[in-house]
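Visitor: The letter at position 52 of the sequence shown is residue 52 when you use my numbering, and the numbering goes up by one with no holes.
Keep in mind that the hints are not guaranteed to be accurate.
Claimed, not checked - With beta-carbon atoms standing in for the labels, derived distance ranges:
no., residue 1, residue 2, range
1, Pro-68, Pro-48, 33 to 39 Å
2, Leu-40, Leu-9, 29 to 35 Å
3, Leu-64, Leu-39, 26 to 32 Å
4, Pro-69, Gly-8, 41 to 47 Å
5, Ala-44, Val-66, 34 to 40 Å
6, Gly-42, Leu-63, 29 to 35 Å
7, Gly-10, Pro-69, 39 to 45 Å
8, Ala-45, Ala-70, 23 to 29 Å
9, Leu-11, Leu-39, 18 to 24 Å
10, Leu-11, Gly-71, 39 to 45 Å
11, Pro-7, Ser-43, 36 to 42 Å
12, Val-31, Leu-9, 21 to 27 Å
13, Ala-45, Pro-68, 39 to 45 Å
Rather than coming from a laboratory, the hints here were simulated on the basis of the structure. We treat Cβ as the ideally placed atom computed from N, Cα and C, and that holds for glycine.
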Amino acid sequence: MLVAPLPGLGLIPALAAGMAAATASAMRLPVSSVVLVTLLLGSAAMTPVVILAAVVAFVVTELLPVHPPAGSPAGAHP
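Could you put the whole structure together from the sequences, leaning on the hints where they help?
Guide: Below is the structure:
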């Protein structure tokens with residue numbers, strides 16, 4: 001809902017973009033997240049926005065550095 005005030009982007013497409021970005025970064029399945037959001041909201045008109053949000057979220061998630069779990073020693077690598 002934070003991106004809804006952007007010019008040319010309404011509340012529903014902004015909600016769809018946020019849902020696609022969240023599911024793509026959590027599941028790491030961008031195509032599945034696009035299909036899920038498109039079917040959930042029932043509108044194919046916002047598909048380009050959903051695809052763009054899912055791909056950007058997936059790429060950013062993959063490029064972020066992986067931190068070791070909280071319980072492991074700082075110098076240990078898997």
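Visitor: Gly-42 and Leu-63, beta-carbon distance inside 29 to 35 Å?
Guide: Because 32 Å falls inside the window, the suggested range holds.
Visitor: 34 to 40 Å was suggested as the range; check whether the CB atoms of Ala-44 and Val-66 agree with it.
Guide: Distance hint for Ala-44, Val-66 holds at roughly 36 Å.
Visitor: Would you say the C-beta atoms of Leu-11 and Gly-71 sit inside 39 to 45 Å of each other?
Guide: For Leu-11 and Gly-71 the Cβ distance comes to about 42 Å; the hint holds.
Visitor: Do the beta carbons of Pro-7 and Ser-43 sit within 36 to 42 Å of each other?
Guide: Roughly 20 Å apart at Cβ, these two residues miss the hinted range, so it is violated.
Visitor: Can you let me know if the beta-carbon spacing of Leu-11 and Leu-39 is within 18 to 24 Å?
Guide: 19 Å, holds
Visitor: Taking 41 to 47 Å as the hint, is the beta-carbon distance of Pro-69 and Gly-8 inside that range?
Guide: 42 Å, holds
Visitor: Is the distance from the Cβ of Gly-10 to the Cβ of Pro-69 consistent with 39 to 45 Å?
Guide: 41 Å, holds
Visitor: Take the C-beta atom of Val-31 and the C-beta atom of Leu-9, compute their distance, and say whether it sits inside 21 to 27 Å.
Guide: Holds, at about 23 Å.
Visitor: Using the beta carbons of Ala-45 and Ala-70, state whether their distance is inside 23 to 29 Å or not.
Guide: Roughly 43 Å apart at Cβ, these two residues miss the hinted range, so it is violated.
Visitor: Determine whether the Cβ-Cβ distance between Leu-40 and Leu-9 falls within the hinted range of 29 to 35 Å.
Guide: The hint (29 to 35 Å, Cβ to Cβ) is violated, given that Leu-40 and Leu-9 are roughly 18 Å apart.
Visitor: Hint says 39 to 45 Å; check whether the CB-CB distance for Ala-45 and Pro-68 agrees.
Guide: 43 Å, holds
Visitor: Assuming the hint says 33 to 39 Å, is it satisfied by the Cβ distance from Pro-68 to Pro-48 or not?
Guide: 38 Å Cβ-Cβ, so the 33 to 39 Å window holds.
Hint check: violations occur at hints 2, 8, 11; the rest are consistent with the structure.
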